[in-house]
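**Student:** Produce the entire structure from the sequences given, and follow the hints as far as they go.
2 protein chains.
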Amino acid sequence: MMRRLLAYAGNTIIGSISYTVRRRATKMDEFARIRHWTAGRHSSEWLDQRGVIVGIGDDAAVIEPRLELAGLSGPLQWLMAVDTMVETVHFNSMTMEDGDIGYKALAANISDIAAMGGVPLHALVSVSVPAAYGPERMRRLYDGLYACAEQYGVAIIGGDTTSSPLHLVVAVTVTGAVEAGKALRRSGAKPGDAVFLTGPVGLSAAGLHVLSAPAGEAVRAEAGGLAALVQAHRRPAPSVRAGRLLQARGTCTSLNDVSDGLASEAAEIAAASHVRLALHEELLPRSGSMAAYAGLCGLSALDLMLYGGEDYVLLGTMAAEDAAAAKEAFHQEGLPFFLIGEVEAGEPGVELITRKQNGKSLSRARLEARGYNHFQG
Amino acid sequence: MMRRLLAYAGNTIIGSISYTVRRRATKMDEFARIRHWTAGRHSSEWLDQRGVIVGIGDDAAVIEPRLELAGLSGPLQWLMAVDTMVETVHFNSMTMEDGDIGYKALAANISDIAAMGGVPLHALVSVSVPAAYGPERMRRLYDGLYACAEQYGVAIIGGDTTSSPLHLVVAVTVTGAVEAGKALRRSGAKPGDAVFLTGPVGLSAAGLHVLSAPAGEAVRAEAGGLAALVQAHRRPAPSVRAGRLLQARGTCTSLNDVSDGLASEAAEIAAASHVRLALHEELLPRSGSMAAYAGLCGLSALDLMLYGGEDYVLLGTMAAEDAAAAKEAFHQEGLPFFLIGEVEAGEPGVELITRKQNGKSLSRARLEARGYNHFQG
Chain A
0 MMRRLLAYAG NTIIGSISYT VRRRATKMDE FARIRHWTAG RHSSEWLDQR
50 GVIVGIGDDA AVIEPRLELA GLSGPLQWLM AVDTMVETVH FNSMTMEDGD
100 IGYKALAANI SDIAAMGGVP LHALVSVSVP AAYGPERMRR LYDGLYACAE
150 QYGVAIIGGD TTSSPLHLVV AVTVTGAVEA GKALRRSGAK PGDAVFLTGP
200 VGLSAAGLHV LSAPAGEAVR AEAGGLAALV QAHRRPAPSV RAGRLLQARG
250 TCTSLNDVSD GLASEAAEIA AASHVRLALH EELLPRSGSM AAYAGLCGLS
300 ALDLMLYGGE DYVLLGTMAA EDAAAAKEAF HQEGLPFFLI GEVEAGEPGV
350 ELITRKQNGK SLSRARLEAR GYNHFQG
Chain B
0 MMRRLLAYAG NTIIGSISYT VRRRATKMDE FARIRHWTAG RHSSEWLDQR
50 GVIVGIGDDA AVIEPRLELA GLSGPLQWLM AVDTMVETVH FNSMTMEDGD
100 IGYKALAANI SDIAAMGGVP LHALVSVSVP AAYGPERMRR LYDGLYACAE
150 QYGVAIIGGD TTSSPLHLVV AVTVTGAVEA GKALRRSGAK PGDAVFLTGP
200 VGLSAAGLHV LSAPAGEAVR AEAGGLAALV QAHRRPAPSV RAGRLLQARG
250 TCTSLNDVSD GLASEAAEIA AASHVRLALH EELLPRSGSM AAYAGLCGLS
300 ALDLMLYGGE DYVLLGTMAA EDAAAAKEAF HQEGLPFFLI GEVEAGEPGV
350 ELITRKQNGK SLSRARLEAR GYNHFQG
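First to last, the protein sequences are chains A and B.
Heads up: the first sequence at position 269 corresponds to 268 in numbering that gives the first Met the number 0, and the numbers run straight through without jumps.
Heads up: the second sequence at position 132 corresponds to 131 in numbering that gives the first Met the number 0, and the numbers run straight through without jumps.
Any given hint might turn out to be false.
Same chains, same names: a pair is fine if it fits in one copy or spans any two.
[Stated by the list, open to error] Listed below are the simulated SDA-like cross-link pairs for lysine to any residue, each with C-alpha atoms no more than 20 Å apart in a straight line: (1) Lys181 with Leu46; (2) Lys326 with Glu280; (3) Lys181 with Ile55; (4) Lys359 with Glu281; (5) Lys189 with Ala318; (6) Lys359 with Ala270; (7) Lys181 with Asp47; (8) Lys181 with Ile52; (9) Lys326 with Ala247; (10) Lys181 with Gly56.
Please keep in mind that the hints were generated in silico from the structure rather than gathered at the bench.
Being a predicted model, the structure only gives us computed values, none of them experimental.
**Tutor:** What follows is the structure in structure tokens.
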């Protein structure tokens with residue numbers, strides 16, 4: 000660990016440069032408290048099921064690479080990903096409550112494991128804490144983190160807590176496991192494959208708009224379903240079950256989670272697989288709450304769906320001959336599944352196919368891989 | 000991944016709260032550049048030796064848990080740790096150059112693997128970048144990071160780059176492997192064991208003082224060996240070989256890296272092992288450069304050694320009957336090894352034994368587990 004703080008006595012002027020300073024003692028007490036909260040949160044049985052020999056409390060965690068972990072069997076491979084949330088960049092005090100920050104920081108990482116078809120197992124958490132976050136706020140953040148961990152069966156095996164001069168930064172690393180050689184990558188989409196989504200998109204972006212739009216009050220009184228939009232933004236549900244179903248079918252040729260937005264994720268698959276993805280506007284799953292809210296606010300529901308992001312559903316491609324059966328299998332599990340387009344040969348990219356107003360002919364437009372620009376429409 | 004930025008159009012006033020804003024487009028270009036630098040840095044042979052099936056470039060890295068990794072054989076366990084460096088808290092533009100930040104962020108993590116007796120294998124890197132860090136500075140940071148990775152045989156398998164409103168934050172997660180059941184923990188020290196250090200301490204703290212002390216100029220002109228102190232602070236050398244030698248002997252009962260300072264690390268071993276560590280002041284390895292600099296500046300060399308930290312040598316305990324042979328074995332490998340005290344039964348804690356001025360009798364004093372308070376003596 001490196002917990003070393005530069006502890007200067009107040010403002011020190013060196014040459015012409017002045018810089019401010021942290022003191023160590025008070026912060027250390029707070030960090031000791033955080034270690035206290037995190038210690039013993041998981042039962043030893045929970046840790047054992049995930050191969051954890053040593054969790055939080057030594058220089059490093061120790062993990063037994065068992066062949067049977069959390070329900071997986073046979074030769075496994077490990078999955079690892081890191082994701083970071085920065086105050087004022089990814090959230091602020093209006094858009095996220097303290098517990099949501101912890102919950103979502105882990106959920107976004109779990110989604111990366113889901114997007115490989117794997118089972119999430121462990122997480123390591125780095126939190127840089129500004130003085131404005133007192134112990135109560137940090138406790139709520141950790142409560143949210145552990146709520147997500149328990150929901151998805153993830154053992155938190157390591158952490159580092161440091162001071163931060165002004166803004167909260169939460170970086171989470173997550174591990175998972177997948178059957179050896181069976182991770183679902185971005186690069187296997189083939190012309191003729193079907194393109195699917197495992198849930199509606201645009202809800203999180205609409206939820207963010209609800210939480211931060213200046214013109215929100217009047218609309219809030221009128222619109223229904225806002226709680227669902229806000230929930231989608233604050234406590235997203237990573238698609239672990241969907242990823243496992245897709246992995247088990249053996250017909251899925253590429254997979255991404257919708258973190259940056261549908262258009263951007265589709266472009267990543269197209270680029271990695273050297274194919275074109277053709278998406279049908281009329282097949283995109285449109286949430287009623289999202290569309291109603293967009294209508295009331297004069298936002299484009301289509302833009303929210305294409306560029307919103309942070310929905311953490313899965314976008315992928317699969318053998319066309321298995322598409323109907325996959326849809327049926329998802330529905331039997333109570334999970335949504337939408338076929339939204341086809342993979343084509345051609346210059347890598349994404350095209351949106353829209354029915355013209357006459358209802359008969361279709362038009363095609365190339366989609367940019369940009370993100371949604373809130374408040375710039 | 001979660002690369003979503005709240006992209007407001009300039010300053011948005013909501014209620015009475017005003018907050019500033021990032022734009023997405025420019026930053027994304029820069030991040031694309033970072034991905035470009037990090038892609039293809041490691042050869043496929045290098046990655047293969049470390050079991051890396053998929054590195055940077057998908058939702059998660061994929062790792063094959065081979066039984067023989069980087070020279071290890073037999074059943075293995077995995078080690079994982081996370082460590083964070085925050086601008087103004089752990090470093091600033093005077094104390095660290097850009098390349099040093101990347102180097103040290105990884106080195107501090109590798110040290111956690113060394114402190115378990117393991118071999119470092121992989122790293123995932125989260126960097127939150129303020130606008131003030133242009134592409135050239137980021138390139139230097141990544142150059143330092145990869146320099147450390149190559150030096151210690153670590154494959155960088157994942158990363159996340161986000162904006163930061165003001166300060167640079169680098170969080171690194173590292174993995175390693177160790178022979179199953181043979182990780183060196185903090186909790187095994189027994190009364191009668193010898194206490195050792197694998198290198199001198201206090202150099203990094205002295206180097207930090209060189210880099211940031213207001214009264215530095217005159218002293219700098221006089222003192223020798225300052226470059227070594229600065230190097231110790233900026234590019235510390237984690238003790239992987241020492242950790243492996245200790246692991247292989249089978250007589251090491253506890254191990255920590257000296258990140259927070261000798262007194263603090265000794266206190267951790269004492270607390271985890273329920274023993275008292277008695278350290279002899281006259282046996283503590285005192286670097287000539289450090290002691291000379293401390294003398295010139297009126298600092299206490301003993302305080303720098305006890306409370307300085309960030310030296311990344313290893314502090315541990317071992318069976319007393321193997322201590323002389325271990326020292327000999329280290330010296331044969333060209334590595335330093337210092338026996339500095341004994342483990343005693345008693346209330347957990349750390350005591351310093353000092354020879355009185357008459358040179359004959361000894362005095363004992365209990366050491367606090369505090370950090371070194373720069374500029375407060």
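**Student:** State for each hint whether it applies.
**Tutor:** Outcome of the hint check:
1. Lys181 with Leu46: The answer is between: 19 Å across copies meets 20 Å, while 25 Å in one copy does not.
2. Lys326 with Glu280: So Lys326 and Glu280 pass the 20 Å test inside one copy only (19 Å; across, 72 Å).
3. Lys181 with Ile55: Answer is between; shortest inter-copy Cα gap is 18 Å, intra-copy 31 Å.
4. Lys359 with Glu281: Cα proximity of Lys359 and Glu281: one copy only (13 Å, versus 91 Å across).
5. Lys189 with Ala318: Close inside one copy (8 Å), not across copies (62 Å); limit 20 Å.
6. Lys359 with Ala270: This pair counts as neither: shortest intra-copy Cα distance 31 Å, inter-copy 77 Å.
7. Lys181 with Asp47: between (25 Å within a copy, 18 Å between copies)
8. Lys181 with Ile52: For Lys181 and Ile52, the Cα distance is within 20 Å only across copies (11 Å; inside one copy 27 Å).
9. Lys326 with Ala247: Within. Shortest intra-copy distance 14 Å satisfies the 20 Å Cα cut-off; inter-copy 55 Å does not.
10. Lys181 with Gly56: between (34 Å within a copy, 17 Å between copies)
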